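The task is to assemble the complex, starting from two chains supplied on their own in separate frames and drawing on the hints.
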Amino acid sequence: MATRRLPTYGEDLVDEPIRREIVVDASQEVVWDALTDPDQLAAWFGAEAKVDLRVGGAVRFRSPEGTERRGLVVDVDPPHRLAFRWRELRFSGSGLVVNDATVVAFTLDVVGERTRVTVTESPGVLAADPPLAMAENA
Amino acid sequence: MAESTGPGAVFSALSDPTRREVIRRLSEDGPTTLVELAAELPVTRQAVSKHLVVLEEAGLVQASGDTRRRSYSLTPRPLTDAMDWMVDVGAEWDERLDALRRHVERDR
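Protein chains in written order, with this note's numbering: chain V, 152 to 289; chain E, 436 to 543.
Among the hints, erroneous ones may be present.
[What the hints assert, rightly or not] Partial chain V-side listing against chain E, Cβ under 8 Å, derived: (1) I169; (2) R171; (3) D251.
By construction, these hints were calculated from the structure, which means they are not laboratory data. Note that the structure is a prediction, hence the values are computed from the model and not measured. Just so it is clear, CB atoms sit at the ideal spot from N, CA and C, and this is done for glycine as well.
Chain E with its partners taken away, still in its complex shape (with noise of 0.2 Å):
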């Protein structure tokens, strides 16, 4: 069985500027119910709560607590995942594209 594994969850969910807007928010006030996110961002309850389950299949977000006081938080470690991602691709660029100069430049 294949598994599919890497960042495009995580970059494809943090494509929506509101969505970023809600990782901010979490970043820097801690868990936050959707009341408190609705009340502080231009969106309507029920755009913010879409927003929310996109971010929590990503698995950038975490619910907690019951129905009526559910409270969302950020679950860092796919971000870290991705950042990973893009320092190591981005390594294997540079290598190729090293290599790629001097093939092309091989004959000067």
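With the rest of the complex left out, here is chain V (with noise of 0.2 Å):
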């Protein structure tokens, strides 16, 4: 068998494997209103969205492809830092398919007249999670 040589995998890679940046030209508050917003979530996210903004409030993101997005805050400092857990659930041939939940955290810092943005997304604790099995039966 030939030798493969894999790509470094270093802490930041593991611990925040998707990690993506955008300033944009809107104040914290309207931002943070648009990540919080039922309605403005569903103009720009693109799905029916529920986000109980309260540390173990639950978020809820419906597309109108059937997909469906469930979790819990974990962490809230309107308006500034948003995270939840999330996990998605769909139906496949085979039944109910539920993916890994990941942890995606929001962070607006005021820059200048503008907003930065940084959003990162990556896998969750794996032991089972009570609360998050809760919410999904929600």
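Given below as structure tokens:
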């Protein structure tokens, strides 16, 4: 078998495998409302969304194609930070497919009159998560 | 019955530096025994053995041969899948953040 050289996996890649950053021409409050108001989420996220803005509050995104993501708020600090664990549920031929839970975190930083939006998504802890399981049955 | 899919097990397995080093060695050296691995790493053989169990459970490593001379080799598929996940989910966020920008800048 030929030897395969794999990329180096550093701490950052493992802890925060997905990290995106943009600076938008809008105030921190405007961006915060866009992230948390169901009507605005429907407009840009493209899903029927509900975010209960407190730690442990339920998060739900239902896309028009029928996939659904559900989870719980794990960190909220208006208008600076919102993080939740979610997982995707969808029906396939063999039944319900539940993806591994991941943690999504939004951080909003003021940059003059603009706002830097940082989003990370990383796989969550694998151990059983009773509160999340309860949220999925809600 | 719900089935679980996703890259969580792989990233969890890779969250430890010694396990990443084991992956690196196996990718460079091909099939390697526990004794050989332990000789190259600054941890005990017992520790390497435990790490190999975690890597095996995540599907990253496969053991072959009898117990006395068991060798471990890399099964790269889960790593490829995890990289694919990063690319796919990253692309989703690129799209969403573009949409967020258009949304919050709509009145400008």
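Now for the hints, and whether the structure bears them out:
1. Hint on I169 (chain V) holds. Least Cβ distance to chain E is approximately 5 Å, under the 8 Å limit.
2. With 8 Å as the threshold, the beta carbon of R171 (chain V) comes within range of chain E, its nearest partner Cβ sitting at about 5 Å, so the hint holds.
3. A hinted interface residue such as D251 (chain V) counts as satisfied when its beta carbon comes closer than 8 Å to some beta carbon of chain E; here the least separation is about 3 Å, so the hint holds.
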